[in-house]
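Residue numbers (our numbering), protein chains in the order written: chain W, 1 to 253; chain Y, 1 to 195.
Hints were generated in silico from the structure; no laboratory data involved. Built from N, CA and C at the ideal position, the CB exists for glycine as well. Mixed in with the good hints, there may be bad ones.
As the list claims (entries may be wrong) - Derived DSBU-like pairs (lysine-lysine); straight-line CA-CA distance at most 35 angstroms:
1. W:164 - W:253
2. Y:75 - Y:102
3. Y:102 - W:253
4. W:164 - W:250
5. Y:75 - W:250
Stated by the list, open to error - Below, a sample of chain Y positions facing chain W; criterion: calculated Cβ distance under 7 angstroms:
6. 43
7. 44
8. 47
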Amino acid sequence: MRKLVALAFAAVASMASAHDYVAVPGGAFTTTLRYEDAPGAATVAPFRMMTQPVTNAEFLAFAQAHPQWRRDNVASVFAAVGYLGHWPGLARVDPAQRDLPVTRVSWFAASAYCAAQGARLPRWIEWEYVAAADALRRDARNDPAWRERILAWYARPASSALPKAGAQAPNAYGIRDLHGVVWEWVDDHGAMLVDADNRNQGDGARGRFCGAAALAANDRSNYAVLMRVAMLSSLEAADSTTSLGFRCVKEMK
Amino acid sequence: MKVLLMAVSLALVTQLAAATPAPLPRDSVYRADIMLLNDRAERLAWRDQRGQPQIVSMFYTSCTFTCPMLVDGAKAVQASLTPDERARLHVTFMSLDPARDKTRALAQLRVDRELDRAQWTLARLEPADVRTVAALLGVRYRALANGDFNHTSVLVLLDADGRVVARTERIGGTPDPAFMEAVRGVLQQPPAHAH
């Protein structure tokens with residue numbers, strides 16, 4: 001019986017194409033964010049990234065193999081109220097949800113999922129680097145048409161149904177769904193110091209950050225990136241939302 | 001009110017714990033499986049600090065401005081307590097900079113700042129755990145190109161079971177009154193059993 005269950009998991013895992021990683025060559029990259037300590041282009045080391053976001057079915061298999069991440073078991077210090085709240089049961093996803101990107105997962109849960117794969121969440125610079133590509137170019141950020149298309153997604157009401165993971169065309173790296181599906185956690189989410197409560201406080205807040213202040217933007221016209229950063233920086237690591245998912249990356253072998 | 005509620009529920013938990021080792025509460029940061037390496041190169045599990053309330057913070061030793069203030073801030077809290085209270089409140093400072101804050105740097109800080117071994121734990125973390133601990137404590141940080149860190153400067157008060165009871169980012173001058181009230185609140189609980 002146990003063997004049968006294991007086989008069933010194996011079947012789920014093999015159907016799941018999000019576990020395909022593709023190699024992303026390294027390169028020089030100028031982030032849309034401005035770091036006063038490190039102006040100009042940064043060097044992004046090569047890595048491998050999941051070709052699409054993790055789905056509900058995949059996360060279900062993970063939560064069953066690691067029961068401490070089940071909705072009924074999870075420690076509240078790792079996942080606040082709302083965690084996996086769209087699942088109809090503790091160990092069940094609606095058939096219609098199976099292939100949709102998993103959402104309502106905390107940073108801790110997303111990190112644990114990736115760790116179980118020998119992977120990790122992408123760092124912001126890695127995510128932004130890959131997400132700068134369109135179908136043909138690795139950096140399409142200066143193309144107004146590309147920006148328009150991305151912004152059109154951000155204008156969509158949050159209540160609309162999520163599209164299936166992997167349904168969009170791949171970008172120049174062979175990676176899908178970086179825009180237009182869900183927001184995604186990044187490993188260094190806690191490095192995003194753009195923080196509303198960092199402003200407009202009394203003297204008490206002055207010591208909040210050592211050294212220079214928070215992030216600013218190099219390119220204020222790239223609204224899509226700025227919105228994403230504002231959204232991520234507003235969350236605590238135990239939070240989850242109905243439109244925030246994740247994908248993992250692995251180091252280059 | 002929140003503190004009062006927490007105090008009442010803590011008292012209940014402590015009573016239960018006296019009989020059998022109670023499982024960690026779901027909102028305890030000790031749920032995380034984290035190893036500390038102290039300034040004597042001793043490895044200890046973070047959750048073994050259960051049993052005594054403590055103030056925790058994240059810092060790095062080469063920091064010249066805010067981190068010394070954090071040490072001063074924790075000392076100021078200690079100085080506002082009676083000797084008996086002081087003896088029952090632990091302080092743990094964990095480094096954000098595992099690459100440079102090796103055992104020796106932490107040991108040097110202890111000497112330089114005259115930090116009593118009975119009260120103060122200075123520790124480094126596994127590099128992969130730094131983000132996790134920071135996330136549990138609500139500390140945001142970023143490594144800067146020159147080796148410094150931008151980071152939230154905060155003192156976090158944990159009760160004996162590792163629940164975050166209070167936090168303060170007001171660390172200069174006299175201790176934050178609301179934070180002191182919370183500290184005295186957790187210290188009024190009967191001493192938790194040792195593990």
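The hints, checked one at a time:
1. W:164 - W:253: Roughly 30 angstroms separates the two Cα atoms, so the pair holds.
2. Y:75 - Y:102: Answer holds: residue 75 (chain Y) to residue 102 (chain Y) is near 23 angstroms, not above 35 angstroms.
3. Y:102 - W:253: holds, 29 angstroms
4. W:164 - W:250: Satisfied, since the Cα-Cα distance of roughly 23 angstroms is no more than 35 angstroms.
5. Y:75 - W:250: violated, 43 angstroms
6. 43: violated, 21 angstroms
7. 44: violated, 20 angstroms
8. 47: Residue 47 (chain Y) check fails; min Cβ-Cβ to chain W is 12 angstroms, beyond 7 angstroms.
Checked against the numbered hints given earlier, this structure breaks hints 5, 6, 7 and 8; the rest are met.
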